[in-house]
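A.B. asks: Protein chains in written order, with the numbering used here: chain A, 530 to 777; chain B, 70 to 276; chain C, 219 to 508; chain D, 219 to 508.
Misleading hints may appear alongside valid ones.
Which chain A residues stay away from chain D? Per the calculated CB distances, all over 10 Å, these [said to hold, decoys possible]:
1. Ala584
2. Leu604
3. Leu659
4. Ala728
5. Ala749
6. Gly774
Cβ-Cβ distance ranges computed for the label pairs, FRET-style [unchecked claim]:
7. B:Ala99 <-> A:Leu726: 21 to 31 Å
8. C:Asp405 <-> D:Gly291: 51 to 61 Å
9. B:Ala241 <-> D:Val234: 47 to 57 Å
10. C:Ala481 <-> D:Gly287: 58 to 68 Å
In short, the hints are calculated from the structure, not lab data.
Heads up, the beta-carbon is just placed ideally off N, CA and C, and yes, glycines get one too.
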Amino acid sequence: MLVETAAYASRWRGVAPSAKALFALAGIAAAWIACRPATLAVLALLPMLAALLGARVPLRTWLAVARAPLGFLLLACATLPVGPGVHGNWQWNGAMVPVAVHAGLRALAVLAALLGFVLTTPLPDLLSLLRRLRTPEVLLDLMALCYRMLFVLRRAWDDGVEAQRARLGYPGWRHGWVQTWRSTGLLAGHVAQQVWLRAAALQVAADARSYTGTLRFLPAAFPRARRQNALALLAGALLVALALGDRW
Amino acid sequence: MHIMEGFLPPAHALGWSAVSACFLAAGLRAMARDLRQHPERRMLFGVAAAFAFLLSALKLPSVTGSCSHPTGVGLGALLFGPAAMVPVGFVVLLFQALLLAHGGVTTLGANIFSMAVVGPFVAYGVFRAAAALGMSRSAAVFAAACLGDLATYATTSLQLAWAFPDPVGGMAASLARFAGIFALTQVPIAISEGLLTVLVVNAIARF
Amino acid sequence: MVTDHPVLELAGVDHVYPDGGTGLRGCTLALGRGRRHVLLGANGAGKSTVLRHLNGLLRPCAGELRCDGQPVGYSRAALAGLRRRVGLVFQDPERQLFAAHVGEDVSFGALNLGLDAATVAARVDAALDAVGLRDYAGRAVHHLSFGQKKRVCIAGVLAMEPEVLLLDEPMAGLDAPMQASLAALLDRLVARGVTVLLTTHDVDFAFAWADDIHLLAAGRCIASAPAGQLAARADLLQAAGHRVPLAFALHAQLAARGVLPPAPAPRSLPALLEALRALPATSTILENTA
Amino acid sequence: MVTDHPVLELAGVDHVYPDGGTGLRGCTLALGRGRRHVLLGANGAGKSTVLRHLNGLLRPCAGELRCDGQPVGYSRAALAGLRRRVGLVFQDPERQLFAAHVGEDVSFGALNLGLDAATVAARVDAALDAVGLRDYAGRAVHHLSFGQKKRVCIAGVLAMEPEVLLLDEPMAGLDAPMQASLAALLDRLVARGVTVLLTTHDVDFAFAWADDIHLLAAGRCIASAPAGQLAARADLLQAAGHRVPLAFALHAQLAARGVLPPAPAPRSLPALLEALRALPATSTILENTA
Numbered sequence: 530m531l532v533e534t535a536a537y538a539s540r541w542r543g544v545a546p547s548a549k550a551l552f553a554l555a556g557i558a559a560a561w562i563a564c565r566p567a568t569l570a571v572l573a574l575l576p577m578l579a580a581l582l583g584a585r586v587p588l589r590t591w592l593a594v595a596r597a598p599l600g601f602l603l604l605a606c607a608t609l610p611v612g613p614g615v616h617g618n619w620q621w622n623g624a625m626v627p628v629a630v631h632a633g634l635r636a637l638a639v640l641a642a643l644l645g646f647v648l649t650t651p652l653p654d655l656l657s658l659l660r661r662l663r664t665p666e667v668l669l670d671l672m673a674l675c676y677r678m679l680f681v682l683r684r685a686w687d688d689g690v691e692a693q694r695a696r697l698g699y700p701g702w703r704h705g706w707v708q709t710w711r712s713t714g715l716l717a718g719h720v721a722q723q724v725w726l727r728a729a730a731l732q733v734a735a736d737a738r739s740y741t742g743t744l745r746f747l748p749a750a751f752p753r754a755r756r757q758n759a760l761a762l763l764a765g766a767l768l769v770a771l772a773l774g775d776r777w
Numbered sequence: 070m071h072i073m074e075g076f077l078p079p080a081h082a083l084g085w086s087a088v089s090a091c092f093l094a095a096g097l098r099a100m101a102r103d104l105r106q107h108p109e110r111r112m113l114f115g116v117a118a119a120f121a122f123l124l125s126a127l128k129l130p131s132v133t134g135s136c137s138h139p140t141g142v143g144l145g146a147l148l149f150g151p152a153a154m155v156p157v158g159f160v161v162l163l164f165q166a167l168l169l170a171h172g173g174v175t176t177l178g179a180n181i182f183s184m185a186v187v188g189p190f191v192a193y194g195v196f197r198a199a200a201a202l203g204m205s206r207s208a209a210v211f212a213a214a215c216l217g218d219l220a221t222y223a224t225t226s227l228q229l230a231w232a233f234p235d236p237v238g239g240m241a242a243s244l245a246r247f248a249g250i251f252a253l254t255q256v257p258i259a260i261s262e263g264l265l266t267v268l269v270v271n272a273i274a275r276f
Numbered sequence: 219m220v221t222d223h224p225v226l227e228l229a230g231v232d233h234v235y236p237d238g239g240t241g242l243r244g245c246t247l248a249l250g251r252g253r254r255h256v257l258l259g260a261n262g263a264g265k266s267t268v269l270r271h272l273n274g275l276l277r278p279c280a281g282e283l284r285c286d287g288q289p290v291g292y293s294r295a296a297l298a299g300l301r302r303r304v305g306l307v308f309q310d311p312e313r314q315l316f317a318a319h320v321g322e323d324v325s326f327g328a329l330n331l332g333l334d335a336a337t338v339a340a341r342v343d344a345a346l347d348a349v350g351l352r353d354y355a356g357r358a359v360h361h362l363s364f365g366q367k368k369r370v371c372i373a374g375v376l377a378m379e380p381e382v383l384l385l386d387e388p389m390a391g392l393d394a395p396m397q398a399s400l401a402a403l404l405d406r407l408v409a410r411g412v413t414v415l416l417t418t419h420d421v422d423f424a425f426a427w428a429d430d431i432h433l434l435a436a437g438r439c440i441a442s443a444p445a446g447q448l449a450a451r452a453d454l455l456q457a458a459g460h461r462v463p464l465a466f467a468l469h470a471q472l473a474a475r476g477v478l479p480p481a482p483a484p485r486s487l488p489a490l491l492e493a494l495r496a497l498p499a500t501s502t503i504l505e506n507t508a
Numbered sequence: 219m220v221t222d223h224p225v226l227e228l229a230g231v232d233h234v235y236p237d238g239g240t241g242l243r244g245c246t247l248a249l250g251r252g253r254r255h256v257l258l259g260a261n262g263a264g265k266s267t268v269l270r271h272l273n274g275l276l277r278p279c280a281g282e283l284r285c286d287g288q289p290v291g292y293s294r295a296a297l298a299g300l301r302r303r304v305g306l307v308f309q310d311p312e313r314q315l316f317a318a319h320v321g322e323d324v325s326f327g328a329l330n331l332g333l334d335a336a337t338v339a340a341r342v343d344a345a346l347d348a349v350g351l352r353d354y355a356g357r358a359v360h361h362l363s364f365g366q367k368k369r370v371c372i373a374g375v376l377a378m379e380p381e382v383l384l385l386d387e388p389m390a391g392l393d394a395p396m397q398a399s400l401a402a403l404l405d406r407l408v409a410r411g412v413t414v415l416l417t418t419h420d421v422d423f424a425f426a427w428a429d430d431i432h433l434l435a436a437g438r439c440i441a442s443a444p445a446g447q448l449a450a451r452a453d454l455l456q457a458a459g460h461r462v463p464l465a466f467a468l469h470a471q472l473a474a475r476g477v478l479p480p481a482p483a484p485r486s487l488p489a490l491l492e493a494l495r496a497l498p499a500t501s502t503i504l505e506n507t508a
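Next up, chain A with everything else stripped away, as it sits in the complex (with noise of 0.2 Å):
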C-alpha cells in the first residue's frame, strides 16, 4: 500500500499526529469557507506543496495516490453540466458550469488537505492519537486489530494466489473465465475460514498475556508535541484567514 509506505518514509513520521490533524482539518475548514476558484486552487496547492516540500513526499507518490479521486472528480465534475433536459433528451447545460468548477476545485483542496495527512502519518499514530480522544474503545480495538491483520490476510491472499498460479489456476479470461472464478472462490472461502481460526489464535494469545477485555498499548510518546500543535494552529489559521478573506 503506497500511502502505508510513503507515511512511515515521510520526514514528518515524528511529528505529533495531532499537529499534522489540526493543520488538515485547518485545510478542510478553509476549503468549505472559500468562494473564489483562485482562493481554492491556492488552498489545494499550500498542503500539497507542504506535503512534497516539507515532508518530502515524493511527486510521483503523491500523483499515484491521488490518481484515483481525481479520476473520480474528473468524471462527476465533467458529467454535472450534461444531463436530460425537459424532453429527455440528454443536453448541455451552461448553468452547471460554475457549479463544477467549484466543486472541483474545492474537493481538490480538500483532498491535498487529507493526503497531506496521510502520507505524513501512519495509521497507528492516528489511532494513538483517537485513544487520546477518548473515542469508545470497541471502536479502537476494531481499528487496532484490523489494521495488524490487514497485513496479515493480506499475505495470505498473495500467497495463495501464488500457489494457485503454480497450479495453473488463472488460465486468464479468454481462455477459462471459469477456472479463473473458481480460483478466486476457492481463494475467498479459504481466507474467510481464517478469519475466524485466526480471531481464536489471537485469543489464545492475548490470554496468555494477561488479556483482560480490551486491548490497550503504550501508545508512542511525541514530546515535542506542544510546539507542534502550535506551530500546526499558526498554519491552519493562515489557512482559515486567507479563505475568511473571501467572504468579506
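Given chain A, work out where chains B, C and D should sit, using these hints.
C.D. replies: This is chains B, C and D only, laid out in the frame that chain A set:
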C-alpha cells in the same frame, strides 16, 4: 461506490455525518451488548473488518472481463447481522479513506450511510425474504449480495443528486444522470459481488 | 526463595480436546527452578498441550497444576496470578502479534499487569534490549522479518518479567546463526534465575542445550531427567519417537574404541568435533588404547 | 528422452524485487534430468527466488530460463506448458491449501490441466496413495496435522504428474520419522525418472540425500557439483553461510587418526555411526593404524 473526498458541499457532508453518527452509536451499542455475551467476538470482528478491507482492495474478476472492487458488506451482513456491520463498515471505510485515498473523511458520513447502513440492511432483508420464500441458499445469498450492492449504488446516486440538483430538471434529472453514468460500472460489480459471496458462503458452510 | 518445590508441576493431568482429539493422559511433569528444560516428543505427542496447561490456558480434565507446590485455581484472579509468573511464547508470530508497532505490542502484557505507564515504558525498553531490537520500538510489525517477529513475541512476554518462560518450538524456521543467538538469549535469562522450558523435535539441539529433558509420548511424560542421564537411553527416546542424539552415539562408539576418553561426553556434534581436533595425531590413539 | 540438455536451466538470471530487495544476480544453474538436487544457502540467499523462476512465477530481469535447452517464453500458453512440467511445492502448507477437503485441493491442479473427471479422480487417488494419505480424500484440510498438510501439498503437485518437482524447505517443521518418510517418497519419485530439487538450510541433510548440490550465496550460484565433491570444500560452503557437513568433518578427523578408512566417506552421521559400529572392537584400530 465511494463519493470522493471533499466532493459534497459542507452542509451535506456534515448532515450525512450526523445521520451516520446516530447509526454508528446504535451499532456500537448493539455490538457492545453482543460482546458482553460473546467476548471472543471482539477478535472476530477485528479480523473480519480486515477481511472486508482486503476484499474491497482486491481486483476481482467481473463477468464483463473488467476488474471490480466488491464491498463485502453483503457478506458481512449475512454472517454477523446488519447492526454489527455499521461499526465494522465504519472502520473499513475509514481505512479505505486513509490508506487508499478511496472515499474520504468529509464524505465518510455519506459513504457510511450508503455502504454500511443501507447496503447491509437491504442485503439482510433480501436474504430473509428470499429464505422465507423458500429459495435455495445460493440463490438467496446471490440476490442478497447483488441487491445490497445495487441499493448502495442507488443511495450514492441519490446523495449526489441531492447535493447537485440539475437547475432545469431538478433532483430527478440529476439522479438520472448520476445513476446512468455509474450503472455502467455498478451493475457488473453487483453481479460479481453476488457470485463471490455465494462462493465464500458455500466455502464457509463446508468448513 | 527457599523452597524445595518445583516452580511448576503437572500432576496426573488428563486432557481431552472438545473434538475428541488426543490431549494428555496422566501427564506428570515437574520443572525445577532456574533450569533449562526441554520438552521433547514427536509431532502430536502433546507438547503444545502441556505448555497451554502450564500457562492455565487449558484446564485439566483430571489431575492438577501446581505452582510452588500449591494447586492453581482457575478463578480469574488465580489465572492472572499464574500468567504473571508464567509467560508463554507461541510458535507462529503472525498468530500472536496484534498491535501495529513493535513497542505497542511489547507493552500489551505489561499494561495488563496494571503497571503504570512509566514502568511499562522502562520494561518495554529493557525487553527490546534483551532480544536485540533496541531501536525497533516505533517500527511497524509487518515490516519485520520472520526472525525479528519471533523476537518481538519473546520481548512481549519478557516485559511481563515472568519467573517461568515457556516457548513453543522457538527454533522452528530460524537458521543456524539465529538459533544460536536465541539460545544465548535464553541462557542469559536462565543465568538471571528464570526457568525456561521449550519444546522441540530436534533431539540433537535438545541434548546440546538442556539441563533437564522431559520425554513426551502419546500425551504422557515417560521420562524426566538431566540430559546426561537420558542421552544413552535409546529405549525411552525411541518410545518418544526419537533416536539417541548423534553426538552421544558417536562418542559412545569412539570411547568404546578408545579414541576419546569415556567422560566427559560432549553434548553436541561440534563439541565432539572439537574434542577430536584437540587430540594430537595418530600416535595418541595407540597410547589411549594401550 | 535422448537429450544432453539439462531439463531446466537458469542462465545468467538477474532479479530485483519491486521493493528493491535482494533477488538474483547473474545466477546460472542447471538441473540434470532424473537426479536429486539440493539448493543450499543461508536465509535470504535467494533460494525461494530461484524456485519461483524455475516455475515461471517470476520473470528474469536479465538472463533466461531454459527448458530442455530451449528458452522459455512468458506468454500465457508457454507458462502453462512450463508449469505443467515443473511442479512447485511451497514451504508453508497453510498458505497453499485453499480447498476445504483434501481431495478437492489435490484435484485443483489436475483439473486445471483440462483432464476429464475420471482421469483426475484416478490421479488424485494415485497422488494421495504416493504420499500415504490414501483414505484422506474426504477429510477436512484444517483437521490435519502439519505433516499431513505438507503431504497434501505434495500430492496436489504430484497429481499434475510433473517431470520436475521443486520443493521449498520441505523438511522444515517435520520430525525425524516424517523427514525420513518424505525423503523416501522423493527417492521413489526420482526412481521413476522425476527430477527433484529441494531447498534447505540443513547442510547435513543436504549432503546425506542429494546427488548434486547447488550452493547459493547473495543471489548467485557459486558452485554446482555432485555432493561428494563439494563436501570437503569448506571455503565454498562457508561463502554460502554453511559449515562442512558434520559427517564429513568427523570422518576426516577419524580417517586422519586411522580409526576409519579414508574412503568411502559416509554421507550422513547415521552412516558414519554404522561404519563405526561395523568396526570390530579396539583391536582393529591397532591394525588400521599400523
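A.B. asks: Next step is simple, just say for each hint if it's right about the structure.
C.D. replies: For each hint, the structure was consulted:
no.: 1; hint: Ala584; result: holds, 21 Å
no.: 2; hint: Leu604; result: holds, 29 Å
no.: 3; hint: Leu659; result: holds, 30 Å
no.: 4; hint: Ala728; result: holds, 14 Å
no.: 5; hint: Ala749; result: holds, 25 Å
no.: 6; hint: Gly774; result: holds, 45 Å
no.: 7; hint: B:Ala99 <-> A:Leu726: 21 to 31 Å; result: holds, 25 Å
no.: 8; hint: C:Asp405 <-> D:Gly291: 51 to 61 Å; result: holds, 54 Å
no.: 9; hint: B:Ala241 <-> D:Val234: 47 to 57 Å; result: holds, 56 Å
no.: 10; hint: C:Ala481 <-> D:Gly287: 58 to 68 Å; result: holds, 60 Å
The structure fails none of the hints (numbered hints given earlier).
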